[in-house]
Each structure stands twice: as C-alpha cells, then as structure tokens.
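Undergrad: Heads up: the protein sequence lines correspond to chains A and B, in order.
If you use the working numbering, the first sequence corresponds to residues 384 to 706, in order.
If you use the working numbering, the second sequence corresponds to residues 2 to 229, in order.
To be clear, the hints were calculated from the coordinates, so they are not data collected in a lab.
In this text the structure is predicted, and so the values were computed from the model without any measurement.
Treat each hint with caution, since some may be false.
Here are some chain B residues the structure puts well away from chain A; computed CB gaps all over 10 Å [as the list claims (entries may be wrong)]:
{"no.": "1", "residue": "93"}
{"no.": "2", "residue": "94"}
{"no.": "3", "residue": "172"}
If you only want the chain B side, here are some residues facing chain A, beta carbon under 7 Å, derived [unchecked claim]:
{"no.": "4", "residue": "23"}
{"no.": "5", "residue": "39"}
{"no.": "6", "residue": "50"}
A virtual CB, placed ideally from N, CA and C, is assigned to each residue, including glycine.
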Amino acid sequence: MSILIKKPGILTTIQDLGRVGYRRLGINPGGAMDRTAARLLNILLGNDENEAVVEMHFPAAEIFFEKNAVFAIGGADFSAELDGELIANWRPYFAEKGSTLRFTKKISGNRAYLTVCGGFKIERWLGSSSTNLAAKTGGKDGRPLAAGDHIPLSLQIKAKPRIRNCHISSNLIPYYRPFPTVRVIVGAEFPLLTKSSQGLLYVHDFVVSQNSNRMGFRLKGAPVELAEPFELLSSVASFGTIQLLPDGQLIVLMADHQTSGGYPRVGHVITRDLPLIAQLGPGDKVAFHLIEIDEAEALAAEFELELNFYRIGCKFQANSWQQ
Amino acid sequence: MAEKSPRIFPLGDSALTVEFGNVISEELNKNAIALAAHFDKNNFPGFIESVPAYASTTLFYDPFVVRKSFPKFFTAFDAVKHLAEAALENITADDTGTMRLVEIPIYFDSESSLDLEFVAASNNISSDEVIEIFLAKTYRVYMLGFLPGFSYMGEVDERITTPRRDTPRTVVPKGSVGIAGSQTGIYSLESPGGWQIIGRTDVEMFSPNAKEPCYLRPGDEVRFVTAK
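Just chain A, with the same shape it has in the complex (with noise of 0.2 Å):
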C-alpha cells in the first residue's frame, strides 16, 4: 500500500541526498535542492537520512494516504492541512488510512519536503533515489510524479502511535528569509575581477531571476567583470558554485547542477547555507558574505555535532512508533 498522488502539483520530484561517486561520468549528483530540511525530517522520523523524501513546489501536490503512516513536512511552508486542519513544519504527525494532505497557501520558501516513517519503496539508479530529469532515470520512472500515481511505504503501521510532543530544536532549522545573507568562501577565479568587482560582489545584493531551477539560480545585478578575458577549459564544479557568465551576470549552480562548467568560478556558497539560497525563488534578493575556509568548515561541524545528539534522541522516540 502506499500514499497516492491526487493532484501532481508542479515539479514534485522524488529526491535524496543525492547520488555520488558518478561524477566522473557526467552524472550528477542531484537530489533534495534543501538538503538540510531532507536530513532533519528524515532522522526526526528515525529514517536513515538519505531516505527518500517528496520535494514539491508551489502550487503542491494532494496526496492522499492508502495506508496509516507518520509523517512529517518542512522546508517551505505552504500552510499544510491534514483533512482540512492546519498541521505545522518540523513535527511528527500520523496520517490514518485515507487522509488526504493538502497544500493550500505559500507562506514561505518555494520547496516543501514529505517523509513518511519507515520510508517511501523507490527503486535505486546507481545507489540513490535521486530523480534525473536530463537522464530521464532515477525516481519515479526518472519524471515528475503524475497525477495517479502510487508511491508505496515501506513501513506497516497498525494503529496510532503515541507521538509526543517533539519537534526539531530550531537551532537546527535553517533560517530560511526571503532576502538572506549566504557566507561564501572566494572562488579560483576571484583574484581575476577587476577590483571594484570584487568589491562589488560582497556589498551589492542580486534578484533571483525568473530564469532560474533545479539546475542553476541566474542572479540580477550590477555587471561583475574580469580584469582581463579568460578562458578557463572545463573543469569541475559543486552544487554552491557561483559563476560568472560572459554577459557580467552570475550563476549559483544547485542541485541539478552539471558536472563540469568552462565559467570562472567568483565563489562557492558554503554547505552551511546551501538551504538558505535553495528556498528562494524568483524576485528574491541575496547577498553574499566572505568568510575563509576553515570558518566554513567549522560552521559545517558545529552543526553536524548538534545533528548528532539530535539523531540519538529521535532514534529512541522513532523506534516506539515502529513497533
């Protein structure tokens, strides 16, 4: 049995972390574009981390669940409604047998993410459940959910858990705005722009354009130029990586990013906050904050330190639920 999708909302995705090791044969990782909010629902529901998730956009799917299942949504926040009452971001809550979820307002953010207890039955491409839309694999039959369609839950839950009031510590939720300051570390090329670019770079802010997706956000702003023309061969590039396109306008390549890119490289988003540029969405401003390398690292520790202490905690209240 399984949760059926009613309505397919747009570009709802099936996800995970993403599939590595690939790379070096032009097969991109991929995966939940918020990875932070994949990891946080996943081990708030006791799942590995790298489960499958649903990644949906505004206006989002309905879902309707075949069978009893725990659940949780987060990431946006489309004012969720489980059979018409309003359920919150971050929180565990069960789904009886033929509740429907509905999304019916965007408040904040543009990508929500569903995890259900036990997780989702997706068969693996190459050791992920990372849907590829280029590749037309991976997922879901490599598309979009569609309206119809079954997506089976792994786990058997027979009557209503006891589900305590937990959430997630909010120090862990990324504070997701509409207008953030994401910290970068420079970038190969950086020392190439002129010096008022570089400059610039660090003090303007950019506007999300329209013509941005799971591939790449193109960022509006003032012109950022080289000192002199370059020509970099194609080498690799990351999920974060900030590239500077012939028209003086950037790039951040996200999650469906291509392997490798010949555009100078201004800068690299930090993992930290991936999310905080992953939930924005056209007309959306940002503005970047350069930060050295070993403070980055230590922004990712702290918060994989704190991750841990979380995971054990929801590991033991996550175990009552599947028995």
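Dock chain B against chain A, hints included.
TA: Here is chain B on its own, set in the frame of chain A:
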C-alpha cells in the same frame, strides 16, 4: 610528474581541485586521470569521489569526517591538500590503467549533419573534405561532463576547427557528433547545445541500466568510421 607544481584550491568547503594547467594537453590529462585513479585505490577517511577533467582533478570529501580523522591539520582542506601533494610525488602520467581503442560509426547524411556545410564553408573546404579530415585522426577522450556520458574529445585538425554556434540549438538530437573549437564530442542524450553538428551515431553513449552506464571512459582513444 609535471615539473611545475600544480595549483591546489578549495572548490567550496567539501572539495578541492588540483589544477595541472589550463590548456588541452594529453600529458596534463594523463596526470589528472592518474591522480583520480590514485585516490580510487587509496581512499582516505571522508573521501567521497575523485573526478578528472581536462587538466585538473577534483576530490570531493566530507569535511566533518576528514577533520575528525586528521586532527593534526587546521582544516580538512589542509589535510586533503597534504594527501594530494603526497600523491603527486608518487604518481606518473603512465598510471592511467589500460588504454582502450573504441571504433564509433557515424552517419553523415544531411539529416544527421546539421552544420556540416557551415563547418566546410567557414574553413573554405568542401563537406567531403571535412569528413575525410575528421575521420583521419584518432581522438582522446579527455573527460566526460555536461550530460551523463557526454565525451569531450580532441583535438580535431586545425583545418576543420569551428567555434560554437552563436545561438545554441534548443534541441540537439541524441547521438549527434559535434565540433566546438578544437574539441569534438557526442551528445549522449537529446539536449540543448551549441556545438557544430557534423554527424550522428547509433551507438548508445549512455545506457542507465547497463553495468557500465557510459560507453566511453576518460583516457579512451576513439576512431570514427563511416556508418554503413
């Protein structure tokens, strides 16, 4: 190993790139492939994957695990950089494993060779000459990227080099063989793209469910022949 010591820089907080140079060169590419292969055989705690490109190798790692495993270093970047420098001492450009020679048949009919006439005209030769010059060489697969299984190969004879199209096509058919500058490559999937298309192959460059999903590997040698 190359005499000039390569540049090593962070590619974000979870990867670093070892850059041997910024030109297309078989020697630099062999170094890149050898360094990537070294880390496949000699993993370190926190290692995720190694990716060779034209003249650089990128190592992806989990900084949290690296920091815990190499507490002597101030940062995970420093630790992995140290490992990369030590590896560079021990590898040679010949450590690239077995070389494969792959033959790929191409159709040059007018439907398949969308830009053949343009390539001919911009080099002041005939279409037949373009084909003849193109088929005469063996090409090296420098890297895969852009699409799953898309091969960056080179280098084409200077008599047929052609810049990318001013306006990229929104749809390039799967299997199209293109030229961009001195590079040649095969579109493994239907995709937007700006390379000058001179032919098409039926060989599946990307088969998601095969044991090896991509037909070509970095370091392969490719000969094109006319499809019958």
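Undergrad: If a hint holds in the structure, say so; if it does not, say that too.
TA: A quick look at each hint next to the structure:
| no. | hint | result |
| --- | --- | --- |
| 1 | 93 | 20 Å, holds |
| 2 | 94 | 17 Å, holds |
| 3 | 172 | 13 Å, holds |
| 4 | 23 | 5 Å, holds |
| 5 | 39 | 14 Å, violated |
| 6 | 50 | 5 Å, holds |
The structure fails to meet hint 5 from the earlier list, while all remaining hints are met.
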